[in-house]
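Respectively, the protein sequence lines represent chains A and B. So in my numbering, the last spot in the first sequence is 1713, and the numbers never skip. So in my numbering, the last spot in the second sequence is 326, and the numbers never skip.
It is worth saying that the hints were derived from the structure and are not from the lab. There could be a bad hint or two in this list.
To be verified - Cut-off 27 Å, straight-line C-alpha distance, at most; resulting in silico cross-link-like pairs (DSS-like, lysine-lysine):
#	chain 1	residue 1	chain 2	residue 2
1	B	K177	B	K205
2	B	K7	B	K82
3	A	K1510	B	K22
4	B	K205	B	K295
5	B	K148	B	K82
6	B	K205	B	K16
7	A	K1510	B	K7
8	B	K82	A	K1513
9	A	K1412	A	K1435
10	B	K312	B	K295
11	A	K1513	B	K149
12	A	K1557	A	K1547
13	B	K7	B	K22
14	A	K1547	A	K1513
15	B	K205	B	K7
16	A	K1617	A	K1510
17	A	K1510	B	K16
18	A	K1513	B	K16
19	B	K22	A	K1617
20	A	K1617	B	K304
21	B	K136	B	K82
22	A	K1571	A	K1557
23	B	K312	B	K7
24	A	K1557	A	K1510
25	B	K205	B	K136
26	B	K16	B	K177
27	B	K295	A	K1617
Okay, here's what each chain looks like letter by letter:
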Amino acid sequence: MRLSYVIRRVFFVFMVIWTAATINFVLPRLTGRDPIKEQLMQQIASAGRKPEDAEQMWRKYNDLFGLDKPLWQQYLSYMSSVARLDFGYSINSYPRTVMEIIIARGRLTLPFLSVAIFIAFVTGILLGALLGWNKTPKWISAIVVPPLMVFSSVPQFLVALVLIYFVAFRAKLFPLGDPYPKTMIEDWSNPAFLAKYAYHAVLPILSVVIVEASGWALGMRAMMVTVEGEDYATFAEAKGLKNSRIFFRYLMRNALLPSLTGLALRLGFIITGAAVTETFFNYSGIGSTLSTAISTFDYFLLYGICLIMVVSIALATFIMDMIYPLLDPRIAYRGQRG
Amino acid sequence: MNTNVKPVIDIRNLKVYFYVKAGTVKAVDGVTLAIEPGVKLGLVGESGSGKTTMALALMRMVRPPATIEGELFLDGVDILKLSEEEMRRVRLSELAMIPQGAMNSLNPVMRIRDQILDGMIDHGVRMSRSEANQKVEELLDIVELPKKVARMYPHELSGGMKQRVCVAIAISMRPKVLIADEPTSALDVVIQRQVMETITRLVKNLNLSMILIGHDMGLMAQSVDRIAVMYPGKLMEVGDVRDIFAEPLHPYTQALINSLPVLGKRGVFNGIPGVPPSVINPGPGCPFNDRCPKVIEGLCIQKMPPFREIKPGRWVACHLYEGVN
Chain A
1376 MRLSYVIRRV FFVFMVIWTA ATINFVLPRL TGRDPIKEQL MQQIASAGRK
1426 PEDAEQMWRK YNDLFGLDKP LWQQYLSYMS SVARLDFGYS INSYPRTVME
1476 IIIARGRLTL PFLSVAIFIA FVTGILLGAL LGWNKTPKWI SAIVVPPLMV
1526 FSSVPQFLVA LVLIYFVAFR AKLFPLGDPY PKTMIEDWSN PAFLAKYAYH
1576 AVLPILSVVI VEASGWALGM RAMMVTVEGE DYATFAEAKG LKNSRIFFRY
1626 LMRNALLPSL TGLALRLGFI ITGAAVTETF FNYSGIGSTL STAISTFDYF
1676 LLYGICLIMV VSIALATFIM DMIYPLLDPR IAYRGQRG
Chain B
2 MNTNVKPVID IRNLKVYFYV KAGTVKAVDG VTLAIEPGVK LGLVGESGSG
52 KTTMALALMR MVRPPATIEG ELFLDGVDIL KLSEEEMRRV RLSELAMIPQ
102 GAMNSLNPVM RIRDQILDGM IDHGVRMSRS EANQKVEELL DIVELPKKVA
152 RMYPHELSGG MKQRVCVAIA ISMRPKVLIA DEPTSALDVV IQRQVMETIT
202 RLVKNLNLSM ILIGHDMGLM AQSVDRIAVM YPGKLMEVGD VRDIFAEPLH
252 PYTQALINSL PVLGKRGVFN GIPGVPPSVI NPGPGCPFND RCPKVIEGLC
302 IQKMPPFREI KPGRWVACHL YEGVN
């Protein structure tokens, strides 16, 4: 791997983040909605304040958040705070900062979701590889493939609802929602808390794994069939190699490459994916925070989460770009040439 | 031909049938053929005549829906009766194949060194690291490749180099028989010749038997001792290469040789009119009957002539030679 390849990739990551941050800045301003006014109006309506105060309060808040300044100044100060990963205060949860909220919610989401994605990927890939392998008896595919097709095509929230209704509500095997019991204090050094966290995470993880593993399995199965048709698969058999070597080193190893790209992208979309799961499991993680931020039009929180999303996608792609030449020697070659 | 030598390959009534919706595809339909040790046999035929299926059948690598029947003796052992694991061990160590698609026959994500070694390792060869390196270098040297190739990946090699690696792999365990399925068809003519020279040199030096599959009569004439002419699913004629070219017996062989361009003579190529018959549910007669200029009405359409040895080492399946002995 050449240094120029790495530098090009790093530059690319920064360009992506910069572009995304700019769009992130422009887009909400194009909606023509004013979050502070809306927030104040709500408070006035519910708390019975006098409308005369509103004008003054609106000025005050605009001043506080810097929204009275010219657009270019707002942009510059926005960019400099983005560079420091400082997204200011949440409008709705003032005086909590956006970063505080992201960290507090993110640490509830990340463990369960990364475990879910990992389990889904590994089981899906292995299952798909076995199903696509020509040494696997045909009847196994005949039994296993139809359910996989169903699971991979139903929306995840449907699976979540079925799990919630039958497993949590009727059978009462698992809790209905929340990342941990409401009576407990979040303390990651406490084993009892970790156990409860894991217990609460079972159903959300299951809902992700059922849907995503099926998708990985079907994709991997198709890739296996393609790879088996390659000349090197025939030659591997003619070489009298052991089945295990052909399966892992020749077939799976090659069929895995497209799925790994998919995994990198999936990891990048960790937050968006979390939104659906968390909404249905009433799980106060980063995903549900995102959907709340959208519905309550919390500018700064939205900025923050969106930007973290972009950064995570860009980083995941970057890491993949760095690892891929090690997995597929042909890529590094192209990089050196081009 | 010395008939006292025990053949290293003895194929008896080999049938490879594919049972598909449209009917039974008789890709190989009753082939009988013997190859003596050290002999290079060329198996020629048009596209779709069952050459590659023959190669796969010899390696016992045809898969469902294909079925394989008959007897296939390798050094006196019927390999169709071996277990899967026994057959796996026969491949490469006794019966090795040089694949057809040179461009894509090597695993793109493994270094050449590992691809040369893994076959031997899976056949129980135990080597220290330095012994393995030495073995790889030695094999690369035999096929005229520099030793730095060992550390390379397939995409860093040219088509000819890749095919040389495949040859190195195929001879790595000194097999008795080498099956080369159009080993040079993916290469350009200059490289073709060089690779073919390497293969024939190795076959000679290591005293291997070879089945060279192809459609290029010119290439065959240069490389093999005996020729077997195949026409959809069946053998038409087998004989020493000189005899076949000097005096082709079967009308199909005659047409094939007539269709070769002649040096110095200008004119229109003599093709063979018509197309090969379908191998799905073939009729009872000779498969060449509708294109044959010497067809005997009635007889050739209704009855497949027996494949007979009409003089020592010379076999033909044609009603014209019925009764000749």
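| Restraint status (C-alpha distance of K312 of chain B to K7 of chain B at most 27 Å) | Holds, because 18 Å separates the two Cα atoms, which is no more than 27 Å.
| Proposed proximity, K205 of chain B with K177 of chain B (alpha carbon, max 27 Å) | This hinted pair holds, its Cα atoms lying about 12 Å apart.
| request: Take a quick look at whether K1513 of chain A and K16 of chain B sit within 27 Å of each other, Cα to Cα. | output: 24 Å, holds
| query | For the pair supplied as a hint, K148 of chain B and K82 of chain B, is the alpha-carbon distance within the 27 Å limit? | reply | 40 Å, violated
| query | Do the alpha carbons of K205 of chain B and K295 of chain B lie within 27 Å of each other, as the hint requires? | reply | 39 Å, violated
| message | Given the hinted pair K16 of chain B and K177 of chain B, is their Cα-Cα distance within 27 Å? | response | Distance of about 23 Å is within 27 Å: holds.
| said: Run the distance test for K312 of chain B versus K295 of chain B: straight-line Cα separation, threshold 27 Å. | reply: Judged against 27 Å, a Cα distance of about 22 Å means the pair holds.
| request: Take a quick look at whether K1412 of chain A and K1435 of chain A sit within 27 Å of each other, Cα to Cα. | output: OK: K1412 of chain A and K1435 of chain A at ~11 Å, within 27 Å.
| Satisfaction of hint between K1557 of chain A and K1571 of chain A, Cα-Cα up to 27 Å | 11 Å, holds
| Regarding the pair K1547 of chain A and K1513 of chain A, is the alpha-carbon distance no greater than 27 Å? | With Cα atoms ~38 Å apart, K1547 of chain A and K1513 of chain A exceed 27 Å; violated.
| field | Satisfaction of hint between K7 of chain B and K1510 of chain A, Cα-Cα up to 27 Å | value | 36 Å, violated
| If you draw a straight line from the CA of K205 of chain B to the CA of K16 of chain B, is it 27 Å or shorter? | At roughly 31 Å apart (the allowed maximum being 27 Å), K16 of chain B and K205 of chain B break the hint.
Figure legend: structure checked against the earlier numbered hints; hints not met, in rising order: 4, 5, 6, 7, 11, 13, 14, 19, 20, 21, 24 and 27.
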